[in-house]
Amino acid sequence: MWQQRRDVQFSPQGIAKALQHNATHDEIAPALFSCLLCGACDVLCPEEIDITGMISALRKEALLQSSNATLKEAVKAHLAQATSDIRIEENTIVLAGEALRSTPATLNKVLTLLSCETSAALAIDDGDDIALALEAGIEISDHRLHAFLEPLQKVKRLYVSNVHLLKQLRHWLPATELFTIGHSLSQLNTLTSKLNKNDLYLIEARAYHLDHKKKVRHYSQLRHERGCHINLDLQCNAIPTAAGGLNAFEPQLDSAEQVRWILSGRNVQRIVAECAEDRRAMSQVSELPVLHIADLMEA
Amino acid sequence: MGPDALQGIPRQQTNPKRWQGEQWQTFATALQQTGIELRVTQSNTGTYVTDAGGLAHGMPHGVVIARSATQVAALIQLAQYHHVPVTTRGGGLTTEGESVAFGGVLLDMTGMSRVRHIDKEALTVRTEGGIFWHLLAEALRREGLDYLSAPLNLTSSVGGTIGVGGIDVNSSKLGCSADQAISLQVVTPIGEIVECSDQENSELFQRVILGYGQFGIITEATLRIRPYTPLRMHYFYYSSLRVAVEDLMRIDRAQCCDYSGILTMMDKAITLLVAFDSDEREDEFLRQHRKILRGYGELPFALRTAAYYTLRPWRVKEALYLYQRKRQLFPDLQPTHHMQKGQMLDRTVVFSRAVWKHWGGRQMVIPDLACSIDKFIEAVERGNAVCKKYFPHYTLYCVGIKLREEHRPHYELSCFPPDATGWAYGCEFEPMLGDDNYSRDQLQSFKNAIYDIGVDLGTSYYRFGGMMKGYIRRALGDEVVNKHLAMKRQADPAMILNRNVIF
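Sequence order for the protein chains is A and B.
In terms of this note's numbering, the first sequence is residues 10 to 308.
In terms of this note's numbering, the second sequence is residues 4 to 506.
Looking at chain A on its own, in the form it has when it is part of the complex (with noise of 0.2 Å):
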């Protein structure tokens, strides 16, 4: 956020500051619905707080005392959208994301990537709307969340391409096995043996942020072994794209300025990216090759 709008209104300190200075949830909307909830600033926070947990919480109560409601009324028609109530058998289920659904081949690839131990399949129903509602923070009903969890009751494994949602999903499905689709490839030498000094490897932020501290070391690791550029900024935090999610929806932030940051001064030859949404923001910006990590595999 502070790299687009250099203005301390959008920030944490200035939203909090602001609040103690009894601001209005409208006053404080734009910040609040600006940030991109990548949590760097929660793995930044010397105080170790939950800033992200705080932005998510002051959303929803902003859209529930806001008198501007058309984000929650476009969220909302999109979440009435998608149901399915069809129940999986397989063990392990990718929940893709539109992004990654929308290019078949490197699906494929996950899908065969991510099946060493037993055959991946991929789910009907990702679940896209319950992550940007979420993200917005708007309620999701009882029917709709039910029809997104009841197929996923009985599975052991489940590959996540959203965070907002894998974060979710964690307390609604204690007992599965959860990973996000990017770094689980991440962790697979066939395809990271392919990496060399002339690639920028694009982190997932949100992903990365979330469990920083065990993936801090691995991708600090990958960088060191294969000489690649990664993009972390200085302090070990992953630069986002802003692509996808809320902002992709209502954007705030200009995803395009985003990603000339993350590429300025780097001299790469190519582009691999973790996640979809982020390898589409890439390749309309950039006009290197930009590979989806599972592309590696034939690459």
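Hints are computed from structural coordinates only; laboratory data are not their basis.
Heads up, a few of these hints could be off.
Derived lysine to any residue pairs resembling SDA-like cross-links, with alpha carbons at most 25 Å apart [unchecked claim]:
(1) Lys123(B) <-> Lys224(A)
(2) Lys329(B) <-> Asn387(B)
(3) Lys224(A) <-> Asp335(B)
(4) Lys329(B) <-> Tyr238(B)
(5) Lys224(A) <-> Val358(B)
(6) Lys222(A) <-> Thr339(B)
(7) Lys360(B) <-> Met63(A)
(8) Lys491(B) <-> Lys123(B)
(9) Lys123(B) <-> Met347(B)
(10) Lys344(B) <-> Leu262(A)
(11) Lys123(B) <-> Trp270(A)
(12) Lys206(A) <-> Gln343(B)
(13) Lys26(A) <-> Glu36(A)
(14) Lys329(B) <-> Gly345(B)
(15) Lys392(B) <-> Trp317(B)
(16) Lys223(A) <-> Arg235(A)
(17) Lys344(B) <-> Asp242(A)
(18) Lys360(B) <-> Gln29(A)
(19) Lys224(A) <-> Gly236(A)
(20) Lys123(B) <-> Thr185(A)
(21) Lys391(B) <-> Arg315(B)
(22) Lys26(A) <-> Met347(B)
(23) Lys271(B) <-> His396(B)
(24) Lys224(A) <-> Met347(B)
(25) Lys329(B) <-> Glu56(A)
(26) Lys206(A) <-> Val294(A)
(27) Lys85(A) <-> Asp263(A)
Every value quoted in this text rests on a predicted model; they were computed, and no experiment measured them.
Could you slot chain B onto chain A? The hints should help.
Here is chain B on its own, set in the frame of chain A:
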């Protein structure tokens, strides 16, 4: 010094008198007619209610986010015309309310925080003044470059730092951060946009550098930069402050390392940091200079400390504090993801985050003293005694600052004591407040007790600003102060810019 020696020295109140806003409405209307956004709601002005010190509290009448030199100039012209005070603020890291507005306009400079141009050949960078140092480092690192020296804090801004000095652990070699400025774009207190350097408008340049925001607002700066190098770090441990400080000054004089500084846990565990930019410098130090240091390695020092406390069981609480502090702090001074082959990759981040986490808090209470070489040990020891009197736990941070003779004109009326030659030395005295509640009076009394040492020793203060108003004539003499006050009155007829900071 007698107990009444400081009687009659007027002390700066934590909150100066609020400007009553006589012409505010006319000014605000005129400003809005120029198209400049003025934020006046309480939720906006309240964001800037205090600074890092957390002792001074004040509200501006309105806030302007700086966006361009032209916009800042237009604001200042109107403020000068309507006699409206303007307080500039970068990261807000002042400790005596210098960046808190007691009425008038607060100009938030962080809105101007873009890197304009990096010249890899000439090794210079042109940047807007409101940028945080770590964001500048971020842009430079992409090009394999680094700044020279900057405060170890993530939210200090370039413009603010140039206005007060700025120290890093390499200041004993490279000077203060302000010394890295080659030229500046300044908006003067009457709203002119002027480019200045030692060659062009040199008098303005000399006054703005280390000038506490009195003579202009730094909207852009050209700084020297250098190729990036990781850090080879060594720590030596002492149980005597005097010995550690002597060794610090000794290695600085020998110019045998690239980074040096002292960080303490009270006066019980004193760490001398020594670091290098290259293997060659490190090897040379280990071969030729290591032997002159009287500090211990980590294990021998731990054994000595254990023996000391074994013989003094009544001090078990202190021993436990030291042990716990070490356990918490040391991993954060060498986090694995910021290290490679034993070298520290990002000192900016590692030190700044450690400072935030382990020395930060609701209030930043860090009075300091800046001395000549001759007076430094006495200043540290007397300051240490004051810390001991007020707080159970505290830290001292000492660092040398190489003075550049050709920059003498920059240093006049600055934090550098006039009698310092070669190096000045700074020591910050920081209590570990933890979750304990201290009254404003107690914290201010502590700071005054440190500042009084400075008056008594005839030295200066690194962070001087608000508190200096009461001390400035004793510290620097009437002649210099009157000269600068006259210059200020000429440059800023309505005395609008950063009122009450020094004058």
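Status of each hint after checking the structure:
Using a Cα cut-off of 25 Å, the hinted pair Lys123(B) and Lys224(A) is violated, with the two alpha carbons roughly 34 Å apart. Restraint check: the Cα-Cα separation between Lys329(B) and Asn387(B) comes to about 20 Å, which is no more than 25 Å; the hinted pair holds. Our distance criterion of 25 Å between C-alpha atoms is met by Lys224(A) and Asp335(B), whose separation comes to about 17 Å. Simply put, Lys329(B) and Tyr238(B) have alpha-carbon atoms about 13 Å apart, close enough for the 25 Å limit, and the pair holds.
Restraint check for Lys224(A) and Val358(B): satisfied, since their Cα atoms lie roughly 24 Å apart, inside the 25 Å limit. Simply put, Lys222(A) and Thr339(B) have alpha-carbon atoms about 11 Å apart, close enough for the 25 Å limit, and the pair holds. With a CA separation close to 20 Å, the supplied pair Lys360(B) and Met63(A) stays within the 25 Å bound. Between Lys491(B) and Lys123(B) the CA atoms are separated by roughly 37 Å; this puts the pair beyond 25 Å, and the hint is violated.
Taking the CA atoms of Lys123(B) and Met347(B), the gap is about 23 Å. The hint holds against a cut of 25 Å. A hinted pair counts as satisfied when its Cα atoms are at most 25 Å apart, and Lys344(B) with Leu262(A) does not qualify at roughly 39 Å. Proximity of Lys123(B) to Trp270(A) is assessed by CA-CA distance (about 19 Å); at most 25 Å being required, the pair is judged to hold. With a CA separation close to 17 Å, the supplied pair Lys206(A) and Gln343(B) stays within the 25 Å bound.
Distance restraint check for Lys26(A) and Glu36(A): the Cα-Cα separation of roughly 12 Å lies within the 25 Å cut-off, and the hinted pair is therefore satisfied. The suggested pairing of Lys329(B) with Gly345(B) holds, with an alpha-carbon distance near 19 Å, which does not exceed 25 Å. Taking the CA atoms of Lys392(B) and Trp317(B), the gap is about 19 Å. The hint holds against a cut of 25 Å. This hinted pair checks out: Lys223(A) and Arg235(A) have alpha carbons roughly 19 Å apart, not beyond 25 Å.
Restraint check: the Cα-Cα separation between Lys344(B) and Asp242(A) comes to about 20 Å, which is no more than 25 Å; the hinted pair holds. Restraint check for Lys360(B) and Gln29(A): the C-alpha separation of about 23 Å stays at or below 25 Å, so the hint holds. Our distance criterion of 25 Å between C-alpha atoms is met by Lys224(A) and Gly236(A), whose separation comes to about 17 Å. The suggested pairing of Lys123(B) with Thr185(A) is violated, with an alpha-carbon distance near 53 Å, which exceeds 25 Å.
A hinted pair counts as satisfied when its Cα atoms are at most 25 Å apart, and Lys391(B) with Arg315(B) qualifies at roughly 18 Å. Distance check on the hinted pair: Lys26(A) and Met347(B) sit about 35 Å apart at the alpha-carbon level, beyond 25 Å; violated. For the given pair, Lys271(B) sits about 10 Å from His396(B) by alpha-carbon distance, which is consistent with the 25 Å threshold. At most 25 Å may separate the alpha-carbon atoms for a hinted pair to count; Lys224(A) and Met347(B) meet this at roughly 20 Å.
In summary, the hint linking Lys329(B) to Glu56(A) is supported, as the alpha carbons are separated by about 19 Å, within the 25 Å threshold. Annotation: proposed proximity of Lys206(A) to Val294(A) holds, straight-line Cα distance about 21 Å (limit 25 Å). The straight-line distance between the Cα atoms of Lys85(A) and Asp263(A) is roughly 24 Å, inside the 25 Å bound, and the hint therefore holds.
Hints 1, 8, 10, 20, 22 from the list above are not met by this structure, while the remaining hints are.
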